[in-house]
Amino acid sequence: MSRCIDKMYVNSNCVGCSQCIVFCKHGAITARGRAVISKICVECRVCISYCPMKAIQPGREA
Amino acid sequence: MTEKAKKAVVIGSGLGGLLTAAQLAKDGWSVDVYERLSLIGGRFANIEYNGYQLSTGALHMVPHGTKGPLATMLRELGADFEIIQSSPMAIVRMPKNSGETDYKNGYEDTSHVDFKKHLTSKNKLMMVLLTLSFNAGLIRPGKVGFKTWYSKYIHDDRIDRCADSFTGWALSTTADEVTTREVFKIFRNVYKYGGPGILVGGCQTVIDELVRIISSNGGTVYTDMEVTRIIIQDGKATGVIAGGKVIAADLVISDIGHKEAWEICEIDGVECGGASQVSGFSNPAFKEYEEKLAGMKPSAGLKICFASDEQILPDGCSLMLTPYTRRINGLNEVTIADPSLAPPGKHLVMCHQRTALDRLDKIDEEIELGLEDVKDLFPDKKIEILIVQVHHGRWPVNRAFSGTDFGNKTPVSNLLVVGDGAKGEGGIEIEGITFGVRDAMKLIRSMDR
Ligand SMILES: Cc1cc2nc3c(=O)[nH]c(=O)nc-3n(C[C@H](O)[C@H](O)[C@H](O)COP(=O)(O)OP(=O)(O)OC[C@H]3O[C@@H](n4cnc5c(N)ncnc54)[C@H](O)[C@@H]3O)c2cc1C
Ligand code: SF4
Ligand code: SF4
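Residue numbers (this note's numbering), protein chains in the order written: chain A, 195 to 256; chain B, 48 to 496.
Read the hints as simulated data drawn from the structure, not as lab findings.
Be aware that one or more of the hints could be misleading.
Unchecked claim - Cross-link-like lysine-lysine pairs, in silico, BS3-like; alpha carbons within 25 Å at most:
1) B:K190 / B:K73
2) B:K393 / A:K219
3) B:K283 / B:K54
4) B:K306 / A:K248
5) A:K248 / B:K344
6) B:K151 / B:K164
7) B:K114 / B:K393
8) B:K194 / B:K344
9) B:K114 / B:K73
10) B:K393 / B:K429
11) B:K232 / A:K248
12) B:K143 / B:K163
13) B:K53 / B:K489
14) B:K409 / A:K248
15) B:K190 / B:K232
Work out the full structure, taking the sequences as your base and the hints as a guide.
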């Protein structure tokens with residue numbers, strides 16, 4: 195089993211609107227056409243409620 | 048009113064939803080606005096990034112400025128806001144030497160008024176004749192694409208490029224994706240109301256004022272409350288389920304689009320993703336509505352926001368059209384109107400490029416082409432790219448390509464749609480939303496009688 199901690203992931207609903215970036219106070223999100231959440235994410239989950247596409251989910255992509 | 052106020056539920060706190068809610072609250076309705084996100088304003092809200100006031104969608108721009116439909120409606124509601132008109136209305140960046148198709152060898156910036164000097168006298172005359180004939184009702188091009196129509200009379204690469212640049216910037220379409228009738232109606236409105244302006248404080252000024260007006264008239268805007276059902280019984284909307292609770296209502300307004308609202312309707316206890324397919328709903332009105340829904344396409348676009356140490360456009364003019372780029376159609380230097388939209392000494396520019404729907408799977412390439420355009424347009428400026436934003440699908444530039452909107456009505460008489468899936472004719476973006484809201488209010492006031 196992987197020992198990697200499950201962070202947040204961005205599902206295929208993401209359109210790349212970049213709205214989430216500014217709400218992540220940890221600077222963990224970048225987006226050029228699609229959002230990418232980096233390892234520095236602290237799983238505070240703040241970004242979830244700012245995504246208009248329900249694209250950010252806890253856990254890892256299946 | 049002596050009896051209890053009637054209840055209206057508005058789904059979504061976008062501009063269309065808030066404009067409608069404010070009018071309903073002023074008319075004496077008890078109004079609840081439910082917003083799914085933690086943020087109010089939909090695609091017309093400010094988002095702050097490193098001291099820059101960026102936005103969730105719009106370029107902080109009001110297409111017809113101070114005298115336009117939105118500004119008029121806001122004044123009627125008692126909103127406090129300021130729009131700085133772009134003067135001249137726009138600058139068009141042309142290649143330095145005629146015959147060139149890019150800006151590599153330099154450029155010449157002309158005001159939109161002087162642009163005509165780039166045309167032959169025959170084409171100038173033709174443009175005047177066509178406009179006069181259309182206005183006099185002598186020609187009725189109807190639903191033909193604008194470019195297909197004018198190409199019968201005018202052949203000029205400069206006109207083709209400028210037409211695409213204008214429709215790309217204003218509507219996120221090519222000149223052929225919008226009907227000739229719609230383009231002429233838009234031109235007529237530009238003539239009637241004037242050109243664009245930038246909101247002091249950005250989009251947020253309007254959103255904050257609308258929330259203030261709704262609240263001071265007894266209404267409430269709830270955030271983090273998703274509407275998951277619209278309940279329909281015996282052909283009438285009786286309420287919604289918001290945040291898991293049933294909220295009874297006499298009127299339901301969708302600011303989330305026609306399709307999106309129809310999908311969450313529950314008709315006589317049956318969930319309806321497509322009512323006409325559900326046995327027992329042989330209602331021809333549902334079928335007809337669903338056929339219309341199937342034809343509604345959202346438009347896509349890409350926005351690149353950059354910061355510059357130097358001002359890019361001349362004083363007073365906040366809009367530039369760029370017909371000779373690869374992708375960028377036009378840009379707004381919003382700090383020309385309101386320097387406080389950027390940190391002191393910095394300038395904020397928002398570029399818009401229409402994106403073809405069949406290029407969405409190659410969005411990386413589209414972004415690269417846009418970024419190369421920025422370099423070519425401003426080779427001598429120190430530029431910092433702040434953010435790249437893509438809008439399509441369910442978070443589009445426009446829920447319906449301009450000219451394809453089909454009004455506020457649904458098959459359920461007290462369920463109406465506002466926002467950019469229900470724009471009025473000839474209305475660019477939020478001006479079209481305003482026309483749509485005006486029409487919806489007319490319907491509501493006549494129902495009420
Ligand atoms: C890149 C870009 C640039 C633009 N530039 C301009 C411009 O400069 N000038 C201009 O006039 N127009 C511009 N537009 C268009 C303009 O921004 C939009 O037309 C307008 O903001 C849309 O408003 P709306 O009322 O349709 O609602 P929206 O903004 O779509 O708001 C709908 C709201 O409903 C919420 N919602 C969705 N589902 C639910 C649910 N089930 N329950 C509760 N809430 C829900 C959403 O979260 C959202 O907040 C631009 C658009 C984009 C994308
Ligand atoms: S807000 Fe949602 S859709 Fe927009 S870039 Fe972030 S994850 Fe993607
Ligand atoms: S969960 Fe928190 S830290 Fe992680 S990306 Fe979202 S906002 Fe940033």
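(request) List, from low to high, the hint numbers that the structure doesn't satisfy. (result) Checked against the structure, the hints that fail are numbers 1, 7, 11, while the rest are satisfied.
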